[in-house]
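J.: Heads up: the protein sequence lines correspond to chains A and B, in order.
Quick note: the first sequence uses the working numbering, first residue 1, plus one each step.
Quick note: the second sequence uses the working numbering, first residue 1001, plus one each step.
Among these hints, one or two may not hold up.
To be verified - Calculated from the model, a selection of chain B residues having no Cβ within reach of chain A, i.e. all distances over 10 angstroms:
#: 1; residue: 1015
#: 2; residue: 1022
#: 3; residue: 1133
#: 4; residue: 1216
#: 5; residue: 1241
#: 6; residue: 1297
#: 7; residue: 1309
As the list claims (entries may be wrong) - Residues on chain B that point at chain A, a partial pick, calculated with CB under 7 angstroms:
#: 8; residue: 1061
#: 9; residue: 1186
#: 10; residue: 1191
#: 11; residue: 1195
#: 12; residue: 1217
#: 13; residue: 1239
#: 14; residue: 1243
What the hints assert, rightly or not - 25 angstroms max Cα-Cα, derived SDA-like pairs, lysine to any residue:
#: 15; chain 1: A; residue 1: 202; chain 2: B; residue 2: 1266
#: 16; chain 1: A; residue 1: 308; chain 2: A; residue 2: 69
#: 17; chain 1: A; residue 1: 308; chain 2: A; residue 2: 285
#: 18; chain 1: A; residue 1: 202; chain 2: B; residue 2: 1262
#: 19; chain 1: A; residue 1: 6; chain 2: A; residue 2: 77
#: 20; chain 1: A; residue 1: 253; chain 2: B; residue 2: 1214
#: 21; chain 1: B; residue 1: 1129; chain 2: B; residue 2: 1145
#: 22; chain 1: A; residue 1: 253; chain 2: B; residue 2: 1156
#: 23; chain 1: A; residue 1: 202; chain 2: B; residue 2: 1269
#: 24; chain 1: A; residue 1: 202; chain 2: B; residue 2: 1267
#: 25; chain 1: A; residue 1: 253; chain 2: B; residue 2: 1140
#: 26; chain 1: A; residue 1: 202; chain 2: B; residue 2: 1256
#: 27; chain 1: B; residue 1: 1129; chain 2: B; residue 2: 1102
#: 28; chain 1: B; residue 1: 1129; chain 2: B; residue 2: 1105
#: 29; chain 1: A; residue 1: 253; chain 2: B; residue 2: 1260
#: 30; chain 1: A; residue 1: 308; chain 2: A; residue 2: 11
#: 31; chain 1: A; residue 1: 6; chain 2: A; residue 2: 275
#: 32; chain 1: A; residue 1: 202; chain 2: B; residue 2: 1274
#: 33; chain 1: A; residue 1: 253; chain 2: A; residue 2: 311
#: 34; chain 1: A; residue 1: 308; chain 2: A; residue 2: 225
#: 35; chain 1: A; residue 1: 253; chain 2: A; residue 2: 304
#: 36; chain 1: A; residue 1: 253; chain 2: B; residue 2: 1263
#: 37; chain 1: A; residue 1: 253; chain 2: A; residue 2: 275
#: 38; chain 1: A; residue 1: 253; chain 2: B; residue 2: 1198
#: 39; chain 1: A; residue 1: 202; chain 2: B; residue 2: 1184
#: 40; chain 1: A; residue 1: 202; chain 2: B; residue 2: 1260
Simulated from the structure, these hints should not be mistaken for lab results.
Keep in mind the model is a prediction, meaning the values are calculated, not measured.
Positions of the beta carbon are idealized from the N, C-alpha and C atoms, including for glycine.
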Amino acid sequence: MTALLKAEGLTKHYRLARPRLLSPRPVLRAVEDVSFEIAEGETFGLVGESGSGKSTTARLVLRLIAATAGRVEYRGRSILELPARDFRPLRREMQMVFQDPAGSLNPSYRVRDLIEEPMIVHRTPATARERAERVAALLAQVGLDPSHAARWPHEFSGGQRQRIGIARALAVEARLLVADEPVSALDVSVQAQILNLMRTLKDQHGLSYLFIAHDLAVVKHMSDRVAVMYLGRIVEQAPRAEIWRRPAHPYTKMLIAAVPRARVPDHRAAAVPPGEIPSPVAPPPGCAFHPRCPARMAICAQQAPVAKEIAPGHVAACHLY
Amino acid sequence: MTAPLLAVRGLRAVFPTRRGLLRAVDGVDFDIAAGEVLALLGESGSGKSVTSLALMGLLPPSARVEGEVRFQGRDLRAMDPASLRSLRGDALAMVFQEPMASLNPVLSVGRQVAEALVAHGRADRRAAKARAIELFGEVGLSDPARRYDAYPHELSGGMCQRVMIAMAIACDPALLIADEPTTALDVTIQKQILALIDDLRRRRGTAVLLITHDLGVVAENADRVAVMYAGRIVETAPVSALFAAPLHPYTRGLLDSMPDLDDEEAVLHAIPGQVPDLAALPSGCAFAARCPRSSDRCRAEAPPLVDHAPGRAARCWHPLA
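Looking at chain A on its own, in the form it has when it is part of the complex (with noise of 0.2 angstroms):
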């Protein structure tokens, strides 16, 4: 497998401001030690609940935001510290698609214009000309009518929206696109075609994407393999099918029982996930989950469990392993 982009060990914290004058100021620990790969035409699906650190990591490894530590390597080389114009062509091949496509598109801004944009950032292709024609092919591409480009984004439904953030994506020939919560402002209906969409246009276009997602039948559907995020650690990392037959991590097995399932009838049986969501900013010692889990034993309260591969590709991060 060859690592299209590699996070290794990476890491952000925010000071938050001072609560009373003279305290100190508080870390906010959005994420702790984050390490994954993700291979050349890979799905790699990032599940969590809020404060997860799914956004933020999907920031930091855009570079949208500075890591505290840690390092990313987009086709083997470190881009964390490079200078913004070494980087500039390799951003260019990771974009990012958006949750809110209302919120992310430019409401002054035609169509043609808000996907011809990062076209002329990049100034490729070079001539106006290409240009438009190229407009014209990325709307056809997304299942929008390329007769539409002159119009405004409030002229479209939220899916047809979402559509026109993922043709700005694949504007100037994007290798990766994060996809954070895409669907997830969406209708059950529309949802699906934008998922649907998805897919084509990464076996067209041999793309890889980070897929990031608070719904797991959204992310099983789409992932080639998962992580399962808590409290800004990866708690559990494995091929999509082991995760949902085998899940190793008392956190991952309580996120699947806690889904409602139209087709398991006895399902509503299941047993209630205790606790609240701890803060990042006083996260639980030791294991950050002990104090929901069920399996706690009395080390994971004292000692953070070190992530071990427990089968091929399959890695949980628990004292039970």
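The hints should help you fit chain B onto chain A, whose structure is shown.
T.: Chain B alone, transformed into the frame defined by chain A:
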């Protein structure tokens, strides 16, 4: 047979807009029996939330509302505003999607519950505090006496929703209207809140109108479902029957477009197109343009809601099965 707790007949809510009349709710009929959970299932713009606001008399004055809403034998639509106000929050209570936005940010959550008790004559000031703390314990807030003085921003979304539920059940309602009560919450917290609502129903016999877009939530929490599309109920059925064999092609489409944790599907069967413009509804069936079974008749003539079996009805010229 005894009269249902709530009987809704011919409910319409029309909003005048610059683009013409927007038919948000267009002739909705349903009953809820005492102690029953009826789910109103629909995507955005289906009219499910407007239905609940219309029956509680909470729509803005610009909305034109028609139809009959009988609750415990009384016609709510004919009631004067003062009597309706004293009924709301008493025998008829409501929980909304955004618990943070529904609570007063500058009043402690305990005071808010206590005020509701006093306003409805359920307790005097001193008894109200003790009763509020009791209710906090009942809805599973840890350390209820300390929570009494907490402000909404100090609590998590799940805890705020527990406060909202405490307020809703303060006066022992016969019917609880829960409008997307868990949509803003994480999946493990969602399971907790739904279990709490189920527990209240069992212990107190409260009927629930559960408004949601989530098929899994319907499957695990409702007795009966009414599926809404473009302001109308297109299918009603007991939950198990709906999931086993839906009658309406829209319901079938919704089930097929949802990625499933228990299934391996390469391509999702998305419903093509999008929800129609409520200000320019077609003359025939509103779903015809997206429906694989549509005929000339569907485009010309709107189908009536037809009974297929006891408790099962569909609004379709070409129902499945």
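J.: Hint by hint, say whether it matches the structure.
T.: Hints, verified against the model:
| no. | hint | result |
| --- | --- | --- |
| 1 | 1015 | 19 angstroms, holds |
| 2 | 1022 | 16 angstroms, holds |
| 3 | 1133 | 19 angstroms, holds |
| 4 | 1216 | 3 angstroms, violated |
| 5 | 1241 | 13 angstroms, holds |
| 6 | 1297 | 23 angstroms, holds |
| 7 | 1309 | 20 angstroms, holds |
| 8 | 1061 | 27 angstroms, violated |
| 9 | 1186 | 4 angstroms, holds |
| 10 | 1191 | 4 angstroms, holds |
| 11 | 1195 | 4 angstroms, holds |
| 12 | 1217 | 5 angstroms, holds |
| 13 | 1239 | 9 angstroms, violated |
| 14 | 1243 | 6 angstroms, holds |
| 15 | A/202 / B/1266 | 13 angstroms, holds |
| 16 | A/308 / A/69 | 22 angstroms, holds |
| 17 | A/308 / A/285 | 20 angstroms, holds |
| 18 | A/202 / B/1262 | 24 angstroms, holds |
| 19 | A/6 / A/77 | 10 angstroms, holds |
| 20 | A/253 / B/1214 | 21 angstroms, holds |
| 21 | B/1129 / B/1145 | 9 angstroms, holds |
| 22 | A/253 / B/1156 | 23 angstroms, holds |
| 23 | A/202 / B/1269 | 18 angstroms, holds |
| 24 | A/202 / B/1267 | 13 angstroms, holds |
| 25 | A/253 / B/1140 | 23 angstroms, holds |
| 26 | A/202 / B/1256 | 22 angstroms, holds |
| 27 | B/1129 / B/1102 | 20 angstroms, holds |
| 28 | B/1129 / B/1105 | 19 angstroms, holds |
| 29 | A/253 / B/1260 | 17 angstroms, holds |
| 30 | A/308 / A/11 | 19 angstroms, holds |
| 31 | A/6 / A/275 | 34 angstroms, violated |
| 32 | A/202 / B/1274 | 24 angstroms, holds |
| 33 | A/253 / A/311 | 17 angstroms, holds |
| 34 | A/308 / A/225 | 17 angstroms, holds |
| 35 | A/253 / A/304 | 19 angstroms, holds |
| 36 | A/253 / B/1263 | 17 angstroms, holds |
| 37 | A/253 / A/275 | 15 angstroms, holds |
| 38 | A/253 / B/1198 | 23 angstroms, holds |
| 39 | A/202 / B/1184 | 30 angstroms, violated |
| 40 | A/202 / B/1260 | 21 angstroms, holds |
The structure does not agree with the numbered hints 4, 8, 13, 31, 39 stated previously, though it agrees with the rest.
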